[in-house]
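Participant: I would like the entire structure built from these sequences, with the hints used as guidance.
Number of protein chains: 2
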Amino acid sequence: MDVSVVGSIALDTVETPTGRNEEGLGGAATYFSLAAAQFAAVRLVGVVGEDFPAAHVELLRSKGIDLDGLERASGKTFRWTGRYHEDINNRDTLDTQLNVFEHFHPKLPPAACAAPFLFLGNIHPSLQTEVLEQAKASFVGLDTMNLWINIALDDLKAVLRRVNAIIINDSEVKLLTGESNLVKGAKAVRALGPRIVVVKKGEHGCLLFGEDDIFSAPAYPLENVVDPTGAGDSFAGGFMGYLAGCGKVDSASLRQAVVYGSAVASFTCEKFGPDRLAEITRHDIQQRFEEFRKLAAF
Amino acid sequence: MDVSVVGSIALDTVETPTGRNEEGLGGAATYFSLAAAQFAAVRLVGVVGEDFPAAHVELLRSKGIDLDGLERASGKTFRWTGRYHEDINNRDTLDTQLNVFEHFHPKLPPAACAAPFLFLGNIHPSLQTEVLEQAKASFVGLDTMNLWINIALDDLKAVLRRVNAIIINDSEVKLLTGESNLVKGAKAVRALGPRIVVVKKGEHGCLLFGEDDIFSAPAYPLENVVDPTGAGDSFAGGFMGYLAGCGKVDSASLRQAVVYGSAVASFTCEKFGPDRLAEITRHDIQQRFEEFRKLAAF
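Protein chains in written order, with the numbering used here: chain A, 383 to 680; chain B, 383 to 680.
It should be emphasised that the hints constitute simulated quantities derived from the structure, not laboratory data.
Here are the simulated DMTMM-like pairs of lysine to aspartate or glutamate, each with C-alpha atoms no more than 20 Å apart in a straight line:
hint	chain 1	residue 1	chain 2	residue 2
1	B	K653	B	D469
2	B	K583	A	D552
3	B	K458	B	E405
4	B	K566	A	D469
5	A	K458	A	E404
6	B	K676	A	D595
7	A	K676	B	E673
8	A	K566	A	E593
9	A	K556	B	E468
10	A	K676	B	D595
11	A	K569	B	E673
12	A	K569	B	D469
13	A	K566	B	E468
14	A	K676	B	D594
15	A	K556	B	D469
16	B	K676	A	E593
17	B	K566	A	E652
18	B	K556	A	E605
19	B	K676	A	D632
20	B	K569	A	E468
21	A	K569	B	E468
22	B	K566	A	E605
Pulled from the structure, derived: some chain A residues nowhere near chain B, Cβ distances all over 10 Å:
hint	residue
23	D384
24	E404
25	L449
26	E484
27	H485
28	T511
29	A534
30	A540
31	V631
32	A660
Beta carbons: idealized from backbone N, C-alpha and C, even for Gly.
Facilitator: Here's what the structure looks like:
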């Protein structure tokens, strides 16, 4: 089945302890699409400016990603600049230029509307609702961030009531619910709407909370993290893409989706930007999936 | 097979967001012994003062723990006072009174010397070496802490060269090796001697590093953590006790030992002090072990 995604497409400037990547291809929807395209047909909805390099468009198209929903607006592409610490689990945002993203109102082409799976990337929750109004998806996943929890909580709560799954990191669970215990926190998030709560814990893996069901997935023990940018978005893409690809959502497929998401995310960290993600094959992912099995077996 | 343990026996005063436990039974060797006794014969070596309640001695004896190595010295028992934060993963030590522990030099009775498994609890590394000189164990595990890494690094390195396994938490790995990446850090710890490195990550579970072998164990998703004091020591007791009980150390038994350790540790957090640990049965532990299987299955 198809999966549609709405979210940011960016030019990222990233500094890590090992190097620097100037105005590389970035954005949540970019990583999501490249990851999900390994498993299912992807329909990307987003906006870029006049300066967005044709090579990036070509890369996405070469992966079979449907770009009918890719709007090119007058102005400059969204830019993000960040610097990672020596402990690469931490980073600072140095600069954000919304540019064409500032006035973006997603318009879904017919095929994107019709996709049975939909992912609402990390954009203002009122825009996420606008997308929901257009879409006919039967399974909707959502990402959000501290900013929206802080400044648009009512809008966020409104859209949360209408989605099936949320993918959220542990600090966001605490901020959203006030619970420092993640089990209680995830229950509180479920009470806001989504029946499936996926909590990303970075280097500590991931927890999946469903109906009387908890799954704990390890993180892949990466020795050299080159650039973690987009790891969370790649996770979401692997997760949603796998579910769309197998076309059913139950405890078994959700658990596997979490591991496929984790596998894809681990590749993303191995090179700058989406470079590694763009070169891996379904076979590479399957090999890593089997490594996850060994990692967790007892 | 038997397991000997050398470490602290204490009277702990603990405050948590849900309550307070005044001068309760505590100490690393206490938790270790109660946990390990679920799996193997335990020989406890430690020191208490004249004020140590007879009821605590009775409790340990009732669990079949060999107390021939329990020295009663003139003076007061070691005391620790701590307060847990609202986020119960963090705590402050409010007071430490070493008392009889200050001049403790462990003397192992013959049966404790002869035990094939030995655990060197978190005491000064030069004392750990003193114990090693007496013992005939073929498998030795060790715990340590930030304090010894900071003030007795050479002594610690000397004893590390002589042990088979270290049980250490993630922040200690970083302090000991200077590596913020845990995979690199664990490799660096292995280069110091111990071929088996068990990294405890609290609510994020545990990583086991062996010969070309990594195992990631989830933490049990506890909704109500009453008092985490002794969880790490209970983990060590379950881990070493299980290995001693099955009498062999290989990848399969080590992985199971990590899960049994995690299971026992999760019980410890459910009540103040060792109250829960003292009441559980081998059957309870087995049930929780099966819950870990479900938690990690995909």
